[in-house]
Amino acid sequence: MSLSTLTKPWEAMSYGFLDGSAKRELRRKILKSVAVPGCQMPYASREVPMARGWGTGGLQVSLTLVNPRTRVKVIDQGADDSVNAASIRRFIARVAGTPTTMDTLEADLIQSRHRIPEEILREDQVLVLQVPNPEPLRPVQPNMSIARQMHADADYGRMWLQLYEQIVRSGRVMQGASYPSLVHGRHVMTPSPIPRWDVPKLHMAKHLTILSAGREKRIFAVPPYTRVEPLVFSDVPYKVEEHGALTCTRSGTTGFFMNEIPQDDGTSSFEVSDSEWGVKTIRARDRDGESRGETWYKDGEMS
Amino acid sequence: MTLTLDAPRIVETRPLLEVHGVSKSYGPVQAVRDVSAHAYPGEVLGIVGESGSGKSTLLRMMNLEEIPETGSYTLDLADVSDNLFELDRFARRMLCATKIGIVYQNPHLGLLMKHSSSGNVAERLLVAGERSFATLRAAATEALDASEFPLDRLDAPPIELSGGMQQRVQLAKAIALEPALLLLDEPTTGLDVSVQALVLDTLKRLQQDRQITMVIVSHDLGVIRTLADRVMVMRRGEVVETGLADQIFQDPQHPYTQQLVHAKL
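For the record, the sequence lines run as chains B and S.
Per my numbering, the very first residue in the first sequence carries number 1120; after that it's consecutive.
Per my numbering, the very first residue in the second sequence carries number 81; after that it's consecutive.
Hints may be right or wrong, so weigh each one.
What the hints assert, rightly or not - Reference excerpt, derived from the structure (chain S facing chain B, CB under 10 Å, subset only):
1. S196
2. E203
3. G209
4. A214
5. P230
6. L234
7. T322
Unchecked claim - The calculated label-pair distances, taken between Cβ atoms and stated as ranges, are:
8. B:E1361 / S:G270: 32 to 38 Å
9. S:T150 / B:I1265: 24 to 30 Å
10. S:R169 / B:S1140: 32 to 38 Å
11. S:I147 / B:G1363: 51 to 57 Å
12. S:D225 / B:M1293: 23 to 29 Å
13. S:S242 / B:G1363: 46 to 52 Å
14. B:M1169 / S:D235: 42 to 48 Å
15. B:H1322 / S:D309: 53 to 59 Å
16. S:V273 / B:S1264: 39 to 45 Å
17. B:S1353 / S:N186: 51 to 57 Å
Stated by the list, open to error - Just so you have them, the derived chain S footprint on chain B, three or more residues with Cβ under 8 Å:
18. 1276-1286
19. 1347-1360
Since the hints were made in silico from the structure, they are not lab data.
Ideal Cβ placement from N, Cα and C applies to all residues, glycine included.
Pulled out of the complex, with its shape left as it was, chain B reads as follows (with noise of 0.2 Å):
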């Protein structure tokens, strides 16, 4: 016996570009962040060829997770073909071998920015989710460390301090994204940059949930079937985002989250978010036979 019969044969890279001890590292810590839901982990986030801000934290659990048959979408701001979402979804396909696919009930991985699908996702999805601040206390406590112990103490009373001072100053609750939500009765989390349409989504929801920072370098994750509500006054209901009457001037379809496009004599168009389902809509109409999945908003409400 030789030491070169003990090892791999000489590689460019490891398979998902992380080393071994990479993917370790991400797993120990995504099963710590499933088995308490909402709570951050702290990671050995790594390089990838992509500047911190863009997707890192995401891109690391993406290429943790795939396997030579994993079916993987990439979504920025709701769309499948823009540049971030594009790139990373080449990279992913390029040091995995993985197939791609645009369609939500395809794929088996979702890495998303900003938004998540309006189709519902299934028990054998996972979707992962970019963050660029994880700390949902860090408006009300500069200094993370006490920031810590107020998530170990559940003391978030300061939330509710700032969702008063919206509502004094504005009349309303005017935080539009990354609504603080309380997880499993315990921890709040920050969902990412998602509307307020998405926080629902995730409520009980079928899927797991990944949330990664690479950047601050923190993990939480909502498992499946896991109670996510977000933080209100028990007088002031929560509002999603008035687009349930709002139809899509490119494929017609009425009643999700839409994109507000300016026109030139002061008015606005609307297009809906998720390019992918604008896709299917208008497929849908030109040919019969198109699948469309069970959607999470029927006529603009949350079923």
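Knowing the structure of chain B, use the given hints to seat chain S on it.
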């Protein structure tokens, strides 16, 4: 006919607050040395002394912000009995939020300067677990009204308010949950004399209306004379004299107290 009488008995009130034998040093500096104090329900205890006499340290210990090396601290309340210095962080926070109110000399210590005034008061209730916006709003308005804060400035941030107003916001925050104990650390120092008189008036009226037990720390004998029932004189971390307010002011025994009272006159 025989008349039966109850055996004579003394009506005993137990002190609400009891601090026993506390000592605290910061490195080589002994800030407080073996100090004991007590205050009965509804009583106002004044602590006077020069700068560096340990009076503020003692007050911070009463607010459980600092834990002394030795000594015990009890509050005679329904659900708290043990030595409060031995409570864990969580229990300490809940106790401070619900049972003890404090007004600092420097409003920056007690207030969130950029939040609204009513929000500052509401924070107290939020920490205690209140989650209804209407209730928070009503309670904040009521507490600010009780501390004679002009209600048209309800949502102005404290940073835009005058010093006297900031102290009123602190006071409203302290009394919002009707605490058993109110701690005042030089509440009027730094205010001009007329505003000082107004704030003292408010304190006096609150004390009469609500019968809150207060501990007031000041180097200003005038403030202590106006408010306190009983006075404790501290010097170099030790208590040099205690007694009823009149007694201390009319007939000081300790040379240092004599000096202090005469310096005032």
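Hints, one by one, checked against the model:
1. S196: Constraint on S196 (chain S) satisfied, holds at 5 Å.
2. E203: Constraint on E203 (chain S) satisfied, holds at 5 Å.
3. G209: holds (8 Å)
4. A214: holds (5 Å)
5. P230: Cβ of P230 (chain S) sits 17 Å from chain B, so the hint is violated.
6. L234: holds (8 Å)
7. T322: violated (37 Å)
8. B:E1361 / S:G270: 32 to 38 Å: violated (49 Å)
9. S:T150 / B:I1265: 24 to 30 Å: Given about 28 Å between the Cβ atoms, the range holds.
10. S:R169 / B:S1140: 32 to 38 Å: Cβ of R169 (chain S) to Cβ of S1140 (chain B): about 36 Å, so the range 32 to 38 Å holds.
11. S:I147 / B:G1363: 51 to 57 Å: holds (55 Å)
12. S:D225 / B:M1293: 23 to 29 Å: The hint (23 to 29 Å, Cβ to Cβ) holds, given that D225 (chain S) and M1293 (chain B) are roughly 28 Å apart.
13. S:S242 / B:G1363: 46 to 52 Å: Since the Cβ atoms of S242 (chain S) and G1363 (chain B) sit about 48 Å apart, the hinted range of 46 to 52 Å holds.
14. B:M1169 / S:D235: 42 to 48 Å: holds (44 Å)
15. B:H1322 / S:D309: 53 to 59 Å: holds (56 Å)
16. S:V273 / B:S1264: 39 to 45 Å: holds (42 Å)
17. B:S1353 / S:N186: 51 to 57 Å: Since the Cβ atoms of S1353 (chain B) and N186 (chain S) sit about 35 Å apart, the hinted range of 51 to 57 Å is violated.
18. 1276-1286: holds (count 7)
19. 1347-1360: This one holds; 4 residues, not fewer than the three required, reach chain S with a Cβ under 8 Å.
Violated hints, listed in ascending order, are 5, 7, 8, 17; each of the other numbered hints is respected by the structure.
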